Amino acid sequence: MSELLARFRRFYGSHPLHLLTMVAGFSLAGYILFTFNPKALWNPHAWWQSIAVWLVAAVIFHDFALFPLYALADRLLGIAARRQRRRRRGQLRVPGRNHVRIPTLASGLTLLMFWPGIVKQGSATYSAATGQTQQPFLGRWLLLTAVLFSASAFGYAVRLVLAHRRVQDVTNQADQGTDQSADTHPPRHGCTQPKDETAATGSHHDR
Amino acid sequence: MAPGKPGGGRPHEPDCPSDPGGYGLLSRLRRSMDRHRPPGVPLRRRWRSPLRGPWLTSVFGTVLLIGLPIMIITGLLSYMAYAPRFGQALPAHVGWLKLPTFDWPSRPAWLYRLTQGVHVGLGLVLVPVVIAKLWSVIPRLFIWPPARSIAQVLERISLVMLVGGILFEIATGLLFIQYDMIFWFPWHTAHYFGAWVFIAGFLIHIALKIPKMVRGLRSRSMRKVLRTNREDTRPEPHRPDGLVADDPVAATMSRRGVLALVGGSALGVAVLTAGQTIGGITRQTVLFLPRGRTHNDGPDDFPINKTAAAAGIDLAAIGSAWRLTLTGGSGPVLLDRAALAAMPQHTARLPIGCVQGWSTTQTWSGVRLADLAAAAGVRAPLSARVQSLQKIADNRIGDYSHAVLQANQVLDRDAMLALRVNGVDLSLDHGYPARIIVPALPGVHNTKWVSSIDFQAR
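Each protein sequence line maps, in turn, to chains A and B. Sequential numbering of the first sequence, starting at 68, is according to our numbering. Sequential numbering of the second sequence, starting at 765, is according to our numbering.
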């Protein structure tokens, strides 16, 4: 029995249950095709307006257009972030990458989902159905994008200020600490360590 | 560590339900494909995110495993709400690919508003989750060769059904609720067929992957993930040819950050869309869908699904010459608007729930359908066929110039031919001189500009 199973696996590449699942699933798919009639899925006059083509095109659009596009954008952002890090080595470090990523994603997702209204696609059916026009949507999207990016910039600015202050506080306190208690504290708590690490220990070695 | 060298690596797939290595019939083909790797296919080492892994994929998978069956059921319910036994659910011929036929209830009055609001609302909210799930597994798409055994070839085909199905449903759904009819095919056939292709792919996928999903979820504690910041975020344990990157970079975002980002996106979409169903003050945050907007503040200022102009309503036909024709009894009964207004008037506050997911609740008044049936001389009608003056039909979305109502819908205590809404006469766009309002009926079957009702006697 196990010899038979091993032979099957060598031939098929998985457990018999895998094959049973596949046969069941593809039989259902076959029934679906049969029920809907392949003619309904294919438009002989305009192939690109066929249901079957759209179904495959949806995968191609996501895997070979949408995904590469956002992955590439993020890669470029990563390169920019690394460059900035290198240039500002030793200075204040507050990573800004996510402050660009998040509003871009939110704005992009909104554009993707509400594309028809924003670019005024299908205006005739839209006004027939609603008695209105798609006029406000582009403006709203631009405004939403502005709000998202300014909120993100504000958040980043606040983080920068806080980080700057923390470093300053720590530097001042470290200076004061070494001045006032030079005789009680060993000097290694003072200026010999890099600033980042003083920041971590600063809170308990003063007040 | 990194078996991604072109042609040289010995990839194996312990994570995959199908066996590792190349076997049987396809081994020669596999060896040849290994030698002829297309230049565009990225190496495995290009996938650098430290966050991809079975745990993260399983979390997104769990959300979809809960959400998508709700989508499927509410979608199939909507088909039932259109009453397939009168041939008015589209597409007309679906064989066994539907729920067992039953008469759509007329109570509770908010039933269709709820099921269809959930269908459209949840569908919108799940879009960022679907995108995140696809992002988390995308390296597997670029594995070369794409399949090493018959089992893997079949699995790949089933993934086209799964991914193609869900993306097609999202695309057709998004276009439809925004009235962007750039497709030439009948919309209902497309969305219904796409749904079943997806269901077939989904069933195969969950049958194969649920054990793996459970293992993935158990591999890491959610509580710990929520307590781990970016600096302490490490890749999941690496397994060759799994989801975890061979050569990951340092995390630029924590796992909880990714969950917050995807969850936040879903919440954002909810804020931008749920108001079209919930109504009231929440409608003001519906910035990008048609139903967040109003014309004026009058009593007839609520959404419509078709203007009188678009429906080709002839003003002469709805003026003083207009008559409502009731048939089904011993002879046709003709009533003008004054005669209808002289009949006992009924008032009820009822929602209209549309297939596009939006809804609006208003106070309607008019003549009960049961009273009209009696006036026609039909005591206990089996059904009623309502005819509109509406002319233009778009063959991509179906012909709604008439609708058949079931017995329970005709006889519901609040089902009526409305003449007024919120204390004023119906406006032209809302169906003057008279329109149907039936509790829990799909919006478009609440026929406007009614010209005749044919009651089917028992």
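Derived by calculation from the structure, the hints in this document are not laboratory data. Note that the structure is predicted; figures quoted are calculated from it, not measured. Beta carbons: idealized from backbone N, C-alpha and C, even for Gly. Check the hints yourself; a few may be wrong.
Said to hold, decoys possible - Computed from the model, here is a short list of chain A residues facing chain B with C-beta under 7 Å:
| hint | residue |
| --- | --- |
| 1 | 81 |
| 2 | 114 |
| 3 | 116 |
| 4 | 123 |
| 5 | 125 |
| 6 | 160 |
| 7 | 161 |
| 8 | 167 |
| 9 | 184 |
| 10 | 198 |
| 11 | 207 |
| 12 | 217 |
| 13 | 220 |
| 14 | 221 |
Problem set entry | Hint numbers contradicted by this structure | Violated hints: 2, 6, 7, 8, 12, 13 and 14; rest satisfied.
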